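Here is what each chain is made of, one letter per residue.
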Amino acid sequence: MKYFPLIWAALWRNPAETLLTWLAATVAFTLFGLMVGLYVHTQRLIDLERMDRAYVVQRFPTQPYTGLPVALVEPIRRIEGVVGVGTAHWLDGYHADPHGSTRVMAVDEGMPAGWPEAPLTPLQWKTLLATANGAYATRMAADRWNLRPGDTFQFTSPQDAQANGNPTRAFQVLGVIGDIPYAPQGLFVANYRYINNSEAADKQNLGNMFYVAFADPKRALEICRRIDQRFANSGDPTFCVPRRTDAQGLANSNVNIAMLTLAVAGAGLFMILFLIANVIARSVSERIPEFAVLKTLGFRQPHMTLLVVTEAAAPCLLGALLGLALAYLLTRMAIRLLSGDIARLLSSPEFPPGVIAGAFGFAILLAFACAVIPLQRLRTLSVVDALAGR
Amino acid sequence: MAVLRQMAAVAGMNLRNLPQRLGASLVVVVGTAGVVAVLISVLAMAVGFARTVAGAGRADRVIILADGALSESGSTLARDAVTKILTAPGIRHDSTGDPIAEAELLVQFQVSRKGDTKPISVALRGVGKAAFSLHPEIRIVRGRTFRPGVHEIIVGRTAWEQYSGLDVDDHLGFQGGDWTVVGIFENTGASAMNSGAMGDAETLMTAFRRNWFNAVTALLDTPGSLDQLKGALAADLALHVTVQRESTYFAAQSRSLNIVLSFIGYVVGGMMAVGAVFCALNTMYAAVSARAREIATLRAVGFGAAAVVISVLVEALLLALIGALLGSLIAWLLFDGHLTSMAAGGGGTQLAFALSVTPGLVVLGIVWACFIGFIGGLFPAVRAARMSVATALNSMEGR
Numbered sequence: 029m030k031y032f033p034l035i036w037a038a039l040w041r042n043p044a045e046t047l048l049t050w051l052a053a054t055v056a057f058t059l060f061g062l063m064v065g066l067y068v069h070t071q072r073l074i075d076l077e078r079m080d081r082a083y084v085v086q087r088f089p090t091q092p093y094t095g096l097p098v099a100l101v102e103p104i105r106r107i108e109g110v111v112g113v114g115t116a117h118w119l120d121g122y123h124a125d126p127h128g129s130t131r132v133m134a135v136d137e138g139m140p141a142g143w144p145e146a147p148l149t150p151l152q153w154k155t156l157l158a159t160a161n162g163a164y165a166t167r168m169a170a171d172r173w174n175l176r177p178g179d180t181f182q183f184t185s186p187q188d189a190q191a192n193g194n195p196t197r198a199f200q201v202l203g204v205i206g207d208i209p210y211a212p213q214g215l216f217v218a219n220y221r222y223i224n225n226s227e228a229a230d231k232q233n234l235g236n237m238f239y240v241a242f243a244d245p246k247r248a249l250e251i252c253r254r255i256d257q258r259f260a261n262s263g264d265p266t267f268c269v270p271r272r273t274d275a276q277g278l279a280n281s282n283v284n285i286a287m288l289t290l291a292v293a294g295a296g297l298f299m300i301l302f303l304i305a306n307v308i309a310r311s312v313s314e315r316i317p318e319f320a321v322l323k324t325l326g327f328r329q330p331h332m333t334l335l336v337v338t339e340a341a342a343p344c345l346l347g348a349l350l351g352l353a354l355a356y357l358l359t360r361m362a363i364r365l366l367s368g369d370i371a372r373l374l375s376s377p378e379f380p381p382g383v384i385a386g387a388f389g390f391a392i393l394l395a396f397a398c399a400v401i402p403l404q405r406l407r408t409l410s411v412v413d414a415l416a417g418r
Numbered sequence: 038m039a040v041l042r043q044m045a046a047v048a049g050m051n052l053r054n055l056p057q058r059l060g061a062s063l064v065v066v067v068g069t070a071g072v073v074a075v076l077i078s079v080l081a082m083a084v085g086f087a088r089t090v091a092g093a094g095r096a097d098r099v100i101i102l103a104d105g106a107l108s109e110s111g112s113t114l115a116r117d118a119v120t121k122i123l124t125a126p127g128i129r130h131d132s133t134g135d136p137i138a139e140a141e142l143l144v145q146f147q148v149s150r151k152g153d154t155k156p157i158s159v160a161l162r163g164v165g166k167a168a169f170s171l172h173p174e175i176r177i178v179r180g181r182t183f184r185p186g187v188h189e190i191i192v193g194r195t196a197w198e199q200y201s202g203l204d205v206d207d208h209l210g211f212q213g214g215d216w217t218v219v220g221i222f223e224n225t226g227a228s229a230m231n232s233g234a235m236g237d238a239e240t241l242m243t244a245f246r247r248n249w250f251n252a253v254t255a256l257l258d259t260p261g262s263l264d265q266l267k268g269a270l271a272a273d274l275a276l277h278v279t280v281q282r283e284s285t286y287f288a289a290q291s292r293s294l295n296i297v298l299s300f301i302g303y304v305v306g307g308m309m310a311v312g313a314v315f316c317a318l319n320t321m322y323a324a325v326s327a328r329a330r331e332i333a334t335l336r337a338v339g340f341g342a343a344a345v346v347i348s349v350l351v352e353a354l355l356l357a358l359i360g361a362l363l364g365s366l367i368a369w370l371l372f373d374g375h376l377t378s379m380a381a382g383g384g385g386t387q388l389a390f391a392l393s394v395t396p397g398l399v400v401l402g403i404v405w406a407c408f409i410g411f412i413g414g415l416f417p418a419v420r421a422a423r424m425s426v427a428t429a430l431n432s433m434e435g436r
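The listed protein sequences correspond, in order, to chains A and B. Residues in the first sequence are numbered from 29 upward in steps of one, following this note's numbering. Residues in the second sequence are numbered from 38 upward in steps of one, following this note's numbering.
The following block holds chain A by itself, in its conformation from the complex (with noise of 0.2 Å):
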């Protein structure tokens, strides 16, 4: 502390620039935090995913999907290791406007075993089952509709009309459940047997996916390739994934997203490495006879190091702290203004301590990555050379 009166002076000595570097780094920051929030909030969804629960789907889908027998859940619940099967069958529409999409899964009495973390009670799930033409919404969906329990809600699927022509389907809303990761703009479960007996013939006793539960998350593989075994010369080949193989290649299938968050953030952090560095070189330059005579007055080494590296890191810190803040903001902003993929994306950044963290370090990492060719010339410093101002 009773070096802050030389920093303060140090920092105000040009306000202009002090203040330029500072926005510079708040923008930087806020670039960061988007960019660095977005890679950790997709790592978290991958992470979420667990290795003991698997997909299992048609190995050569046809478009649109089709989807497996029923029939095959039995055989795939009988192989060793599996403790759960459910089915589940996914209808694409929408409700009320047709701009407006939205999805139910249907899902069947083996779900509870196949799918346990779902957002569903035992009393919930035997609801649903019990009742026909039941639904729960999760959160969002429910926000998004003004939905409560009770409401009726017709969901209209061109693609999946009933064997009568019509694409319209009455649920009954049986409660609002909590929010699904992977489907962030809302969904509704409803019950398998409802939407099955309205199919056409044809469409009828076939699921898009089947939810499976192994006891064992290190035999996943093993026992997803037995499964695919299992059906491999039959009619209806299968594709199994471990639900986390599944989610990590979903994250690379388009855009690395890694590598173009973290690359988007180092050229934000680069660019002002390059300021700070220069503005810090600058300061030091003008103040050589100032370092001289503190210097003289005994400051060694290592209080220059402070002072220079307090001096960059100060709009860095500065920087870091209101850079989050405002990402934090913009995202939090996003869901208000923006709707659909943008929303999605730019509300998913997310602020663990450990992005924090990463900010600040970050912040004194560059504080120090700039500091270092001033104070090497400090370190060779002549006093008598910087007082007579050679």
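Hints listed in this document are in silico derivations from the structure and should not be mistaken for laboratory results. Note that the coordinates shown come from a computational prediction; the quantities given were computed from them, not determined experimentally. One should not assume that every hint holds.
What the hints assert, rightly or not - Here's a subset of chain A near chain B, in silico, CB distances under 7 Å, partners left out:
| hint | residue |
| --- | --- |
| 1 | Leu47 |
| 2 | Val85 |
| 3 | Pro89 |
| 4 | Thr90 |
| 5 | Pro186 |
Just so it is clear, CB atoms sit at the ideal spot from N, CA and C, and this is done for glycine as well.
Given the coordinates of chain A, assemble chain B onto it according to the supplied hints.
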């Protein structure tokens, strides 16, 4: 003229002593280069994707889907519906009287990228004998085309380059048994096709045990025959189909991903541009401060304020322009023509496309850089022009 001469003289003087301010000048150059490189790189993805999907959709080629389907992968057309569509008026016929139209279906098979083992889905399009008349832009570049009734497929050039096991005479095991790759094709028009494969529609329907098609593609008699075809199909109440030009369909397919990619590009580029403006302001204020006595001397001997303003602006714009060219070069060297793929085909299939750093993107980067340079130079320039001559001449360091 005197004013112009003054501007040229002062600007020239500033530029000549730029090497003395190399470090500070690099700040503007690097900052601008970073902005332009990131902006162009991300937008190159959007441009490359749009080019691949939109291709050179012909005005006289239409695609017919089931009503309500947003894409081929979500459309189902029964055989009787297809028969009615193929006999509708407005469709061109060849010399033998057959319609230049066909029903197509989409299925998938799995391969992995070269050097990787993770399976990814690739689209396999079932086509009829009219395929090459309907798509004259398709040519076989290696091997031969498939024979109907046999488990043979041809593979698009981009898929062949990106994925393993797709060379001529390679064998693939998927629905229905063993399939042989007999040729590599290239579609110079709708290059999205180059990310997938093609085979005989009827053979694929038998193998995949399905009895419906996804879409009908047809050549119109004339580009103006669209309304005639639409009217004929709408008049049949049992048919629930939509007809649209291929160009319209492809534009819609690429729209939403294009919006997301463009949004990312402009937002990220915009944020970096704001940071670069602060960097430029910092640098130019420092440059003006360091030359306060010089500027004051020029003002004292009769140089006008306009000359000072223009000289500072020219310096800032030049540095920004150098940064823009550097950033464009980096983006071009690293990304132009770089093949990538996204799960943007129907049903989650991979769509491979090349990033495209176009002259338009370079011009956009230069415009952005000029904006950064202009804002970064304007305020310091005005400050320089308004500086009191006496104060500046008396100051030790121009502050």
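Here's how the hints hold up against the structure:
1. Leu47: The hint is violated - Leu47 of chain A has no Cβ within 7 Å of chain B, the shortest such distance being about 9 Å.
2. Val85: Hint violated; Val85 of chain A Cβ to chain B Cβ min 10 Å, cut 7 Å.
3. Pro89: Since chain B brings a Cβ to about 5 Å from Pro89 of chain A, closer than 7 Å, the hint holds.
4. Thr90: 5 Å, holds
5. Pro186: 3 Å, holds
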